[in-house]
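With chain A fixed as given, assemble chain B with the ligands onto it according to the hints.
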Amino acid sequence: MLNIKNLQVGLEEENKQILKGVDLNIGEGEVHAIMGPNGSGKSTTSYVLAGKDGYEITGGTVELNGHNLLDMDPEERAAAGLFLAFQYPVEIPGVGNMTFLRTAVNAQRKARGEKELTAGEFLKTVREKAKSLKIDSDMLKRPVNVGFSGGEKKRNEILQMAMLEPKMCVLDETDSGLDVDAMKLVAEGVNALRDGKRSFLVITHYQRLLDHIKPDVVHIMANGRIIKSGGPELALEVEKNGYADILAEVA
Amino acid sequence: MTDMIAKEGVEAETVEAVKSLSGKYKYGFSTDIESEYAPLGLDEDIVKLISKKNDEPEWMLDWRLQAFERWKLMKEPEWAMVDYPKINFQDIYYYSRPKSMSEDKPKSLDDVDPKLLETYAKLGIPLKEQALLAGVEAPENDRKVAVDAVFDSVSVGTTFQKELKNAGVIFMSISEALKEHPELVKKYIGSVVPQSDNFYATLNSAVFSDGSFVYIPEGVKCPMELSTYFRINAENTGQFERTLIIAEKGSSVSYLEGCTAPKRDVAQLHAAVVELVILEDAEIKYSTVQNWYPGDENGKGGIYNFVTKRADCRGDRAKVMWTQVETGSAVTWKYPSCILRGNASQGEFYSIAIANNMQQADTGTKMIHLGKNTKSRIVSKGISAGKAQNTYRGLVSMHPKAANARNYTQCDSLLIGDKCGAHTVPYIEVKNNTARVEHEATTSKVDDDQLFYCRQRGMDEEEAVALVVNGFCKEVLQALPMEFAMEAQALVAISLEGSVG
Ligand SMILES: Nc1ncnc2c1ncn2[C@@H]1O[C@H](COP(=O)(O)OP(=O)(O)OP(=O)(O)O)[C@@H](O)[C@H]1O
Ligand SMILES: [Mg+2]
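Protein chains in written order, with my numbering: chain A, 1 to 251; chain B, 1001 to 1501.
Calculated directly from the structure, the hints in this document are not laboratory data. Ideal Cβ placement from N, Cα and C applies to all residues, glycine included. A couple of the hints might just be wrong.
What the hints assert, rightly or not - Some chain B residues close to chain A (C-beta under 10 angstroms, calculated; not the full set):
no., residue
1, Asp1296
2, Val1468
3, Lys1474
Next comes chain A alone, as it looks inside the complex (with noise of 0.2 angstroms):
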C-alpha cells in the first residue's frame, strides 16, 4: 500500500534537517503504529505525505499502490486515497461542518470519475457516521472545527475520515485530549473502518490506544529515523520504560 524508502526531508526556509532516512512499508490492511520522542519527526512525515507547502524533500521515494506521491497536489494524492487526521484540526470560521464535507466527498469522487452524492444521499450516511461517534446534528451545523472541544475536533477528524473511505488513513495523535469513553468511540470509528484491505499510519506517545486499535506493526522514530520496529511488545516496552534503553540501543 504505502512503500517509502530513505526520505529525507529538510525545511524549505532554513538549513535544517528533519527526516534523514525513513524506511517505512505498510501493506494492505495491514495497521502499523509510529511512537516517537516530541520533535522526532512524526507529523513532519505525516505532513509530508500528505504534500504539506514548506518542506523540501531532499531524498528518497513514497510510493502508494504504486504511484509517486511525492508528485502528486495534496488534494491528487487525497483522490488517490490518503487521509490525514491532523494533529491539530484547522478552524474554518462561517464554512458549516457539513457543507465542508459534502464539498470534500464529492470532489474526491468528482476526481475519480464517480457521480457525486446527491444531497439525500449525503445527509443520510452523514447522520449515521455522526452517530455512531456520538456527533449531534448542532456539531454539523457549526462551522469546521470552530469551538470545537480538543475532543470534537478529534472525532470531527474520524467523522471526516469515515465519509471519504480512504485507502490509507495516517492518524496523528487522534488520542491526545482525548477522554477515556472519547478514545474508546474513536478506537471503534477506526476498527469499523478495518476491512483487511484499508491500511492504517497511526502515530500516538501512548500504549493505550494500541489496546484498543490492534497493531500490527509498531515503529520507534527518533530524531528524524526509525530506529526500532517490532510487534505490538514494543509498544508496552515503551509503556514502561520511557525511550532511553531503545535510543541507548541504537546509539
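Below, chain B with the ligands without anything else, positioned relative to chain A:
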C-alpha cells in the same frame, strides 16, 4: 430552524454550482442588435433629447437642465483611493436603445425582440412570470420575483405587473412612472439625493434615461421580491439609471438589483442614483449583486461604477437594510447611506467587496444619526486579490439630537497574495454624549493551513479558496434574500478565479 437548514443547503448547492461554472467572466457576451444612439457627447440638446425620448413632463426637463447647468461648474471628486485615466465626458453616448424599443415599442414582454429576451435568458434572468430564478431550487414557500429589465438606456419590460397592481404596489420603469404617476415622482425625486449632491449624482440628474420606480402604499407588505436587472450592451455608452423607492407607513419591500456588461476593451461609465424614502414603521431591504465587467487582468476595459445610493428613514422606527455584493467593475465608488431621521429608526449595511487583478474598490457607507434612539450596524467584508486595492470608507455621525444612538461597525479585510492592498478609513463624529459608537476592524490573509486542510480533504486550490472566502463572508451572504444567496456565493468564487497558484 427551517431557515437554518435551508441556508446550510443553499451553501452546499452553491459549491456545486461553482464547480459547474467555468470561464472567468461568464456574462461577457454581447448582443448583436440594432440600436439607436443620441449623438456623441453631452450638451443641452442631449439633455432635451433624452427627456423627449421619454416623453416627459415639462417640469422634469427643467429639473434636468438645472442639474446640467450645475454639473458644468462641478469638478470630478478625487478624494477616493482610486486611480483611473481622466474620463472624457464628450466621448460617451448618453443614450442608446435597441431599435425595437423605439417609439412604437412592444406593448407587452411577449412582443419584445426575441434577441433581447434571449439575452436575459442567457443571463439567467426570468422574464417569464415563473416563480424563481433559473437554477435555484424552490424554497418551501413559493416566493416570486418580479423583474424590471433595463437594457442600455431603456426598460425592456416589467413582470408581474398585474399581480403587484392588485396588491396596490407600483413597480415600473421610472420613465413610465413619469407618465402614469408624475405627482409621486415629482414629490420624491431629488428629495433624498439632491441634484447638487455630488458630481456624478448631478450628472445623473441631467441625463438619467431610465431605472425603476417602486411605491408601496401604507400598510402593504409587498407580496414578492422586486428586482431590476441592469445590462449595458452598447459600446462607448454610459448607463445612467435612477431608482426611486417609496415605502409608506407600515409597509415593507425587499428589492434586488443585478448588473452585468459585455467584455469590451474600452472602459464604460455607469453613474446611478438610488433614492429610498421610508416612512413610519416601514422597511426596505435593498440588495445589490454587482457584477459589471471588471476589465481584464491588465486593467484594460471594465466599468467605472460611480454610484450614489441613499436611504432616508423619515418616519419613526423606519428601517433600511443595504446589502451589497460587489464583485465586478474596474473601479467602484459607492457609499450606500442611511439618514436616520425618525426616532428609533434603524440602518444596516452589509457589504462584500471583492477586488481581484487590477480592480479598485472604494466603498462603504454613511450612517447619519439625527433622531433619538437610532441604531445602525455596519458589517463590511473586503477581499483583495491579485494587484487589487480595496478601501472601506465609512462615516458614522451622531448629531446633537441623536440621544442614545448606537452604532456597531465591523470591518474585516482578507488578503489573497501579497501584491494587493486593503485599507480602512473610518470617520466618526459624535456630537451627543449619550451616543455610543463601536468599531472593530481586522485584516487577515487567507490562511495556508486552512487551504492545506481543505486540499487534504480533496478540494482543489480554487475550490478551497472559494470555500474559505465564502465562510469569511457568511454573515453578509446570509443577509441576502435566499433566492440570490446562492448566485452571490457562486460569484464570490468566480471573481476570485486565478487569484491563487
Ligand atoms: N515548519 C517548521 N519550522 C521549524 N521547525 C520545524 C518545522 N516543522 C517541523 N520542525 C521541527 O522538526 C522537528 C520534528 O517536528 P515534528 O512536528 O515532526 O515532531 P513530532 O515527532 O510530531 O513531535 P510531537 O510528538 O511533539 O508531535 C521538530 O524539531 C520541529 O521543531
Ligand atoms: Mg507531532
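Verify the interface restraint on B:Lys1474: the C-beta must sit less than 10 angstroms from at least one C-beta of chain A. Holds - the Cβ of B:Lys1474 comes within 10 angstroms of chain A, reaching about 4 angstroms at its closest.
Are B:Asp1296 and chain A close enough, Cβ to Cβ, to be under 10 angstroms, as the hint says? With a closest approach of 27 angstroms, the B:Asp1296 hint is violated.
Under the criterion of a CB-CB separation shorter than 10 angstroms, is B:Val1468 in contact with chain A as hinted? 6 angstroms, holds
When the structure is compared with the earlier hints, a violation turns up for hint 1 alone.
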